[in-house]
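Student: Put together the whole structure using the sequences plus the hints.
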Amino acid sequence: MNPVRKQRLIVVLAILAGLAVAVGLAVYALRQNINLFYTPQQVVSGEAPIDTKMRVGGLVVDGSVRRDPDTLDVTFAVTDGKGTFDIHYQGILPDLFREGQGIVANGTLVSRDRFEAEEVLAKHDETYMPPEVQDALEKAGHPGNAGKKAESGSGGAYSGSYSGE
Amino acid sequence: MWKTIKRWYHQLGSPVYFYRFSSAVLPWLLPISVVLLGVGLAWGLAWAPVERYQGDSYRIIYIHVPASSGALMGYIAMGVAGLVALVWRMKMAEVMLKALAPFGAVLAAVSLVTGALWGKPTWGTYWQWDARMTSMLILLFLYLGIIALQSAIRDPRQAARAASLLAMVGVINVVIVKYSVEWLQTLHQGSTLKVVGESSIDAAMKWPLLISMLGLWLLYAANVLMRARTEVLNRERRAGWVRKLVSRPRGI
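From first to last, the protein sequence lines stand for chains A and B.
Just so you know, we're using the UniProt record's numbering here: the first sequence kicks off at 1 and counts up by one.
Just so you know, we're using the UniProt record's numbering here: the second sequence kicks off at 1 and counts up by one.
These are calculated hints, taken from the structure and not from any lab test.
As the structure is a prediction and not an experimental result, all values here were calculated from the model.
Yeah, the Cβ is synthetic: ideal placement off N, Cα and C, and Gly gets one too.
Treat the hints with care, as some may be off.
[What the hints assert, rightly or not] Here are the computed lysine to any residue pairs in the SDA-like style, where the Cα-Cα straight-line distance is at most 20 Å: (1) B/Lys120 x A/Asn106; (2) B/Lys6 x A/Met1; (3) A/Lys53 x B/Trp129; (4) B/Lys91 x B/Ala77; (5) B/Lys178 x B/Ser199; (6) B/Lys206 x A/Glu132; (7) B/Lys120 x B/Arg52; (8) A/Lys6 x B/Lys91; (9) B/Lys3 x A/Asn2; (10) B/Lys120 x A/Gly91; (11) B/Lys120 x A/Pro94; (12) B/Lys91 x B/Ser151; (13) B/Lys178 x A/Val21; (14) B/Lys120 x A/Gln101; (15) A/Lys6 x B/Lys6; (16) B/Lys120 x A/Ile92; (17) B/Lys120 x A/Phe97; (18) A/Lys82 x B/Trp183; (19) B/Lys178 x A/Glu126; (20) B/Lys244 x B/Thr230; (21) A/Lys6 x B/Gly13; (22) B/Lys91 x B/Gln11; (23) B/Lys178 x B/Leu193.
[As the list claims (entries may be wrong)] With the C-beta cut set under 8 Å, the calculated list includes, among others, these residues of chain B facing chain A: (24) Tyr58; (25) Val87; (26) Pro121; (27) Trp123; (28) Gln128; (29) Ala131; (30) Met168; (31) Leu184; (32) Gln185; (33) Gly190; (34) Ile201.
Tutor: Structure, rendered in structure tokens:
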């Protein structure tokens, strides 16, 4: 390679490397703000502030969903395997809301174990399969969705390896 | 192997050779890409099985994923073209950089719109400022920035130099788009298709997805070749071979 080009290549790569490091550090420093939600572990450990508007996320604990028969009130627990707390919501839940499913809730943390949600969003995982395949898997003795999700770690979104009770 | 690559690089770096090469490739590339895309989309949208939880609404994956991956790959290609244009001052790399931008910008926009339409029935929201969506929006702005930069500077070589730098720096954002779902807490789920290891999508749903992805990528490539040909003719309009080409009734 001729020396002029070589020098240009070095300068360009140096600029790129410098910028990549700068962006990396900025993202690392700001990741608390870039992360969409607090995990149950952060809520339970006290990292998430009380009485502040924020988002929390986690997996809905199997068997924890309690609906009020007369109103739209619903309470359920979310977990990431390292912490669990209750979410209370009044309204219509998204279609994909299920036990064992990941959710993100927008609202206020009232206490360390209770979150008042104004909005509940369903996360869906990256597995796609037809209903017949799901049935066949269940018949063959494989756990349903919750077990599969826990094994794969759901793309690292939930650090805990929660498996349904 | 290395020698062949080097020869290709030098040959395709020559506008005349590129023009002839693309004349030979395009009549095949364009129809193949349209057929693949048509087959993949029809198969995915009409015949692929429904999803166990999402029902039919998951089918937008057959547009969303090809468009997103095309936008990301197009940007990486622009970054590489930018590096070659900056360091080796190769004119064809400048042409490629310009040719890659418009279709890529369209794909990024398609990805954002289909993502929003998919988000409403599944997540329950059109838009959240999560890292994946925000970085994808930035990717669209980078594409638009490169198009704007190139039309703002009159001298094509000066314009290409400015755009090359933006293209290369923007590649950092592609890395963020790709890994945002792994490094950060996002509403968007992780990647389904994996280069290494098993993809977490049923085979009956995966094949139409792969076919429409390939079809869209080839369509993008065909579009880039067509744009690059026009740009080459425009830049080389005073060169002998272009004069000869336009004076003859049939192509080169």
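Student: Now tell me, hint by hint, if it's right for this structure.
Tutor: Evaluated hints:
1. B/Lys120 x A/Asn106: Holds, at roughly 16 Å.
2. B/Lys6 x A/Met1: 13 Å, holds
3. A/Lys53 x B/Trp129: Roughly 15 Å between the alpha carbons, so the hint for A/Lys53 and B/Trp129 holds.
4. B/Lys91 x B/Ala77: Holds. B/Lys91 to B/Ala77 sits at ~15 Å (cutoff 20 Å).
5. B/Lys178 x B/Ser199: At roughly 16 Å apart (the allowed maximum being 20 Å), B/Ser199 and B/Lys178 satisfy the hint.
6. B/Lys206 x A/Glu132: At roughly 16 Å apart (the allowed maximum being 20 Å), A/Glu132 and B/Lys206 satisfy the hint.
7. B/Lys120 x B/Arg52: 18 Å, holds
8. A/Lys6 x B/Lys91: 18 Å, holds
9. B/Lys3 x A/Asn2: Between B/Lys3 and A/Asn2 the Cα gap is close to 18 Å, so the pair holds against 20 Å.
10. B/Lys120 x A/Gly91: OK: B/Lys120 and A/Gly91 at ~16 Å, within 20 Å.
11. B/Lys120 x A/Pro94: With a Cα-Cα distance of about 9 Å, the restraint between B/Lys120 and A/Pro94 holds, given a limit of 20 Å.
12. B/Lys91 x B/Ser151: 17 Å, holds
13. B/Lys178 x A/Val21: 17 Å, holds
14. B/Lys120 x A/Gln101: 17 Å, holds
15. A/Lys6 x B/Lys6: It holds: about 17 Å lies between the C-alpha atoms, which stays within 20 Å.
16. B/Lys120 x A/Ile92: 14 Å, holds
17. B/Lys120 x A/Phe97: Holds: B/Lys120 and A/Phe97 sit about 13 Å apart, inside 20 Å.
18. A/Lys82 x B/Trp183: 19 Å, holds
19. B/Lys178 x A/Glu126: Within the cut-off at roughly 14 Å; holds.
20. B/Lys244 x B/Thr230: Holds, at about 16 Å.
21. A/Lys6 x B/Gly13: 19 Å, holds
22. B/Lys91 x B/Gln11: 12 Å, holds
23. B/Lys178 x B/Leu193: 12 Å, holds
24. Tyr58: 6 Å, holds
25. Val87: With a closest approach of 5 Å, the B/Val87 hint holds.
26. Pro121: 7 Å, holds
27. Trp123: 5 Å, holds
28. Gln128: 6 Å, holds
29. Ala131: This interface hint holds because 5 Å falls under the 8 Å limit.
30. Met168: Constraint on B/Met168 satisfied, holds at 6 Å.
31. Leu184: 5 Å, holds
32. Gln185: 4 Å, holds
33. Gly190: Hint on B/Gly190: holds, closest Cβ of chain A at ~2 Å, below 8 Å.
34. Ile201: 4 Å, holds
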